[in-house]
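Given next are the chains, with one letter for each unit.
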Amino acid sequence: MRYAMAIDTKKCVGCSDCVVACQTENNVPLGYARDWIREINQGVYPHLHMEIRSERCNHCDNSPCVRSCPTGASHYEEGGIVKVTKNKCIGCSACIVSCPYDARYIHPDGYVDKCTFCDHRLKKGELPACVSVCPTKCMYFGDLDNPESEISQLLNKRLHKVLIPEAGTGPRVYFLH
Amino acid sequence: MTTNRRDFIKISALGTAGLIWGIWNTRAGALAGMAEKAAGSPGWLSPADMKITPTYCEICFWKCAGWVHKNDRDEIWKITGNAKDPNCDGRFCPRGTGGVGMYHDGDRLKTPLIRTEERGMQTFREASWDEALQYIADKLAQIKAEHGPECTALFTHGSGGKYFTRLLKGYGSDNVAAPSYAQCRGPREVAFYATFGMGLDSPENTDIRDTRCLVLIGSHLGENMHNGQVQEMSDAIDKGATIITVDPRYSTAASKSKYWLPIKPATDLALLLAWMHVIIKEERYDKAYVEQYTYGFEQLKAHVEPFTPEWAYGITTLHPQVIRETAREMAAAAPAVIVHPGRHVTWYGDDTQRLRAVAILNALLGAWGRRGGFYMVESPEVPAPELPPFPVPTRNWRMALKGKYALADLALANGLCDATIPTPDLDCSIKGWIVNGTNLMETLPDRANTIKAIQNLDLMVVVDTMPMEITGWADVVLPECTYLERYDALRDTHHRVPVIALRMPAAEPKYDSKPAYWMARELSKKMNLLQYFPFETMEEELDHELQQMGTSLKEMQQIGVKVFDKQSPLYFAEGEEVTFDTPTGKIELYSTYFADAGFDPMPVYTPHPEPPEGFYRLNYGRAPMHTFSRTVNNPNLHDLMEENTLWVNPKTAKLHDLTNGQQVWLENQDGIISSFPIKVRITERIRWDSVYMVHGFGNNSAKLSRAHGRGASDTELVTRVMMDPIMGGTGMRGNFVTFRTSGREEVQS
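Sequence lines, in order, name chains G and Y. Each residue of the first sequence is one higher than the one before, counting from 45 in the numbering used here. Each residue of the second sequence is one higher than the one before, counting from 16 in the numbering used here.
Derived from the structure by calculation, the hints contain no laboratory data. Among these hints, one or two may not hold up.
Keeping only pairs whose Cα atoms sit at most 16 angstroms apart, straight-line, the calculated EDC-like set for lysine to aspartate or glutamate is [unchecked claim]: (1) G:K132 to G:D157; (2) G:K181 to Y:D104; (3) Y:K666 to Y:D685; (4) G:K181 to Y:D253; (5) Y:K273 to G:E95; (6) Y:K569 to Y:E555; (7) G:K54 to Y:D250; (8) Y:K541 to Y:D253; (9) G:K54 to Y:E238; (10) G:K167 to G:E122; (11) G:K54 to Y:D253; (12) Y:K666 to Y:E699; (13) Y:K718 to Y:D120; (14) G:K201 to Y:D253; (15) G:K181 to Y:D250.
Here the structure is a predicted model, which is why all the values come from computation and not from measurement.
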């Protein structure tokens, strides 16, 4: 089992529903977010191109955050989900500095927090909150080890990329374009 | 309880062959419900016993049905979509998902308030409900005695308006206006009615899901988050549909488009005429459809003959080849093509004619009544409460217009506002306003005019959940509980299928807030109008209606949404005889309705004023996470977007020495300066001749702790209003602004 997410940038309109759905689902305090929208504009009027991306922790295969964590709070779980054990975390921020995606933040209660791929929902057979709410249905989630899964099929047939591949972290959030 | 019940629901199918009636015999169910109630057991559930409760969203008019979930502490936790609801397909938009913030917002109105000082100052004392309602009833009685009941008006947006409308009609006035008409979609309704014999309403009957070509003209789906349409646009992208976007701004939709036409602002009608020219000249229109269903093709053909793409080039700045290519693209996709009517279309005062051009283009392409074009809707008819007849007013809003705007089919909010300012030839200037859920300071153009009107009132009541700026001008403020804390009338929706949805409370009202139904009914007691509110509670009224529709309140509490079978086809059959509700019974390319009323029967392009040197056209629009000023203080939605920015092209920024993130005040052509500064966003996504901001920000109410003074308000800069002579729409895109590094004198001191 290898969980992954794919986001179709042809469909994403950057509405931020994924952000607010994550905040309410996971009781993320206001002013903080586990996912966010990025808009990249290129060109000169009227020859323009824009890519909109819903971004979050990439749950990397080779996660610098897990490697840099001095207490073992950052760890891999089933399916390759990168998680933080709250009561092992000392809030030292080593993981925050090591993450090339700036995917982590210090929760006001003192521990580091981040996207969990909504593993509490996965256990109930539900999709992550962001995927389930997206009005453009631009987000796909599934098992890369299963060649029949929708996400495997999509990645087979569509052009895609990962962010900052040169960091060598093996990200598992893909962007279709 | 009255016994005069109707045991059926009516399904109306406009567009095919008039009206079709579907009848369900639900007598048994209705009787069972009656018996149960007679035994003293209503049978419905209490929110306190439910972990999830059904609702439909109140953050915008789309009214998606969903579920409110409570956490382990039985507090409202999150809201998700109802998978059975075609409006949302189980997915809420960010505003709906963030709706919880409306409930949790600590700035909410908490008790009834009565004004203690001059209007506009937000100085009030707390009052009991009894005192506040008695104050209103006494004033309304006084207005009735001195001026007549017709001198009272209701401005409304949202679900609670239904009950105040009932109250006002019972009292003797039908001056009920929603700014969503003359400040938003009115021109489009009149134009489509004139052409096809029916308007579009909400949700629009655009078959985006199955379209092969979607044409957006100034309509920014994706930024305007009308849920079902955004979802279907995404489906259309998946299926490889062509999107053509016409916008001076590189909108989100433009970035998804095969063709983006960066048109010079205010010239859209020239493009539409040129498209018609190409489609007719190259004989790319749907000949059989035009022959069978339309009236006035020969007149139209002669009318658009001079409007070549070369003619339009000089006006729109769009290359003739692009105009031809896009016209051919539409024709190739026809009839699965939608030239989208848009929604907020009150731009330049000739908006009804521009929307007529949109309607005609759709007719030429044979899109109306066709798969991938416009489908034919059917509404579930919710039985109306059996009420005594309303008194017939001797005067109404139409008289206040003094013969102008002849084709307006709904009251004009701006017209009622103007009718409040006494003039020598007006025999009844309006003396009392009830304002329900609409922040008129932001929704009506020309704020100074609105204030002038308010200062002439004997009574101003505002019903709202939040201390919006308009509440500061009230004599009495009534705190409404949020949609998460109340029942409301059923949502009845015409979609591809007829649907009803229930809203019930997930929690008790916070503070001393109350549902609008309760307020209107309590007022009716004090005004001797209780006969218009036969049911003591909303639950009873709902159950009474639902029993007649073959369901019950209890069932709806568990399913939230009920879908009925559609009785009539979605699309016209091949060669089907169709009679349209127009004077000729045909789709009118040449409008006899307009001609008879003295208006151009076919759209004519007229140039609009251009910005003076150093000024830029002020364009405004929506952000996906906000609905106007109504959501800007919502903690969850504020967190997604705290303020608006002013989009400025780099060339313009260079001319005015502006830097990214710099705060500027704006001054318009009439010397009006914005109350608050706005941050400059230098971006290639906007034309050099215009600037853009998201509407709804720059709130003046200091009681909105998050939203106050954040960003700037476009409304206060819209002082030049271009009136639509046909239906009274307020064209608001003819205002020009320049940049200032300092604010108004009084703001600085």
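Right, here's what the structure says about each hint:
1. Restraint check for K132 of chain G and D157 of chain G: satisfied, since their Cα atoms lie roughly 12 angstroms apart, inside the 16 angstroms limit.
2. For the hint pairing K181 of chain G with D104 of chain Y, the CA-to-CA distance comes to about 11 angstroms; that is within 16 angstroms, so the pair holds.
3. Straight-line distance between C-alpha atoms of K666 of chain Y and D685 of chain Y comes to about 25 angstroms, which puts the hinted pair past the 16 angstroms bound.
4. Annotation: proposed proximity of K181 of chain G to D253 of chain Y holds, straight-line Cα distance about 10 angstroms (limit 16 angstroms).
5. Distance restraint check for K273 of chain Y and E95 of chain G: the Cα-Cα separation of roughly 15 angstroms lies within the 16 angstroms cut-off, and the hinted pair is therefore satisfied.
6. Taken as a hint, the K569 of chain Y and E555 of chain Y pair is honoured in the structure, with Cα atoms around 11 angstroms apart against an allowance of 16 angstroms.
7. A distance of roughly 11 angstroms separates the Cα atoms of K54 of chain G and D250 of chain Y; the hinted pair therefore holds under the 16 angstroms criterion.
8. Under the criterion of a C-alpha separation no larger than 16 angstroms, the hint pairing K541 of chain Y with D253 of chain Y is inconsistent with the structure, at around 58 angstroms.
9. Restraint check for K54 of chain G and E238 of chain Y: the C-alpha separation of about 15 angstroms stays at or below 16 angstroms, so the hint holds.
10. Pair hint K167 of chain G plus E122 of chain G holds up; C-alpha atoms about 11 angstroms apart against a cutoff of 16 angstroms.
11. Taken as a hint, the K54 of chain G and D253 of chain Y pair is honoured in the structure, with Cα atoms around 9 angstroms apart against an allowance of 16 angstroms.
12. Among the hinted pairs, K666 of chain Y with E699 of chain Y is consistent with the structure: their alpha-carbon atoms are about 9 angstroms apart, no more than 16 angstroms.
13. Restraint check for K718 of chain Y and D120 of chain Y: satisfied, since their Cα atoms lie roughly 12 angstroms apart, inside the 16 angstroms limit.
14. Taking the CA atoms of K201 of chain G and D253 of chain Y, the gap is about 14 angstroms. The hint holds against a cut of 16 angstroms.
15. A hinted pair counts as satisfied when its Cα atoms are at most 16 angstroms apart, and K181 of chain G with D250 of chain Y qualifies at roughly 8 angstroms.
Going down the numbered hints, you'll see the structure goes against 3, 8, while the others check out.
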